[in-house]
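Please model the entire structure based on the sequences and the hints provided.
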Amino acid sequence: MIGNTLDKTLASAALAVADIPSGASLAVGGFGVCGIPSALIRALLDQGANRLDVVSNNAGLDEVGLGLLLRAHRLARITASYVGENKEFERQFLSGELEVELTPQGTLAEKLRAGGSGIPAFYTRAGAGTWVADGGIPWRYSADGTVAVTSPRKPQATFSLGGVEAEYVLEESIVTDYALVRASVGDRHGNLVFHESARNFNPVAAMAGKITIAEVETLVEPGELPADSVHLPGIFVHRVVQLSADEVRDKPIEKRTTKGATR
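Number 23 in this note's numbering belongs to position 21 of the sequence shown; there are no gaps in the numbering.
Mixed in with the good hints there might be a few duds.
Said to hold, decoys possible - Derived EDC-like pairs (lysine to aspartate or glutamate); straight-line CA-CA distance at most 20 Å:
#  : residue 1 : residue 2
1  : 89        : 64
2  : 156       : 169
3  : 253       : 219
4  : 89        : 99
5  : 212       : 9
6  : 156       : 136
7  : 89        : 256
8  : 212       : 230
9  : 89        : 101
10 : 156       : 103
11 : 253       : 230
12 : 253       : 198
13 : 253       : 64
14 : 156       : 179
15 : 212       : 174
16 : 212       : 65
17 : 212       : 179
18 : 156       : 101
19 : 253       : 146
20 : 253       : 65
21 : 212       : 55
Since the hints were made in silico from the structure, they are not lab data.
Dropping the structure here:
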């Protein structure tokens, strides 16, 4: 095991991801390019692990975040809620180079949270009566454009909730070998605080990982964080890496829009 159980800090992102093997499954925080663990992703790119099975809301941009691993053909499978702005993601999926399981966004978040909470499956109305439940969604294409792998049919059941009877679909939870997340502030015990919308998928991704690695913009000593301000307790975090000043400033904008000049 890297590090000890009390002080979970490591000297570099490279050291933190050094033992991630090829074929490992990863939960990765972020939404678009907001709150992505960019330093850990770059370190994993340099480390060389491939055939990775990634669970993330999306795959970043072509040159940012998970897009770097995609471009290097390090990913074999992605579970995500949408393709987003990543053209390489789309190209690899449609050409049969990448298997993709598209999942409703709220369902994906709950699959991660439930996995981290020890809940193996749950019923939800999202997707009931659609291909999500009935199966048949393309997961992998062949090189000739035909569908090679489709999603399986999921169990459905009728429940009455608040006096309203409806069909629900059973979704299995997600637990991954590793998780990579980014936080605004963390202490040496792994307690984390996220900044506003950068919280997004980071807490639930962290919960789902058997070994969770967090990059933090500011590192503080244990006891400095007020208990009520902690968004994710250190029980879910195993390794902590403090970012450099340059890494903290590295926050790309997915779509830059400006207000036109007024007269």
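Now for the hints, and whether the structure bears them out:
1. 89 to 64: holds (7 Å)
2. 156 to 169: holds (12 Å)
3. 253 to 219: Roughly 11 Å between the alpha carbons, so the hint for residue 253 and residue 219 holds.
4. 89 to 99: holds (14 Å)
5. 212 to 9: holds (18 Å)
6. 156 to 136: holds (6 Å)
7. 89 to 256: holds (13 Å)
8. 212 to 230: violated (25 Å)
9. 89 to 101: holds (15 Å)
10. 156 to 103: holds (14 Å)
11. 253 to 230: It is violated: about 27 Å lies between the C-alpha atoms, which goes past 20 Å.
12. 253 to 198: The given pair, whose Cα atoms are some 14 Å apart, holds under the 20 Å limit.
13. 253 to 64: Roughly 15 Å separates the two Cα atoms, so the pair holds.
14. 156 to 179: violated (24 Å)
15. 212 to 174: holds (17 Å)
16. 212 to 65: violated (28 Å)
17. 212 to 179: holds (5 Å)
18. 156 to 101: holds (19 Å)
19. 253 to 146: violated (38 Å)
20. 253 to 65: Holds, because 13 Å separates the two Cα atoms, which is no more than 20 Å.
21. 212 to 55: holds (14 Å)
Comparing the model with each earlier hint shows violations of hints 8, 11, 14, 16 and 19; every other hint is respected.
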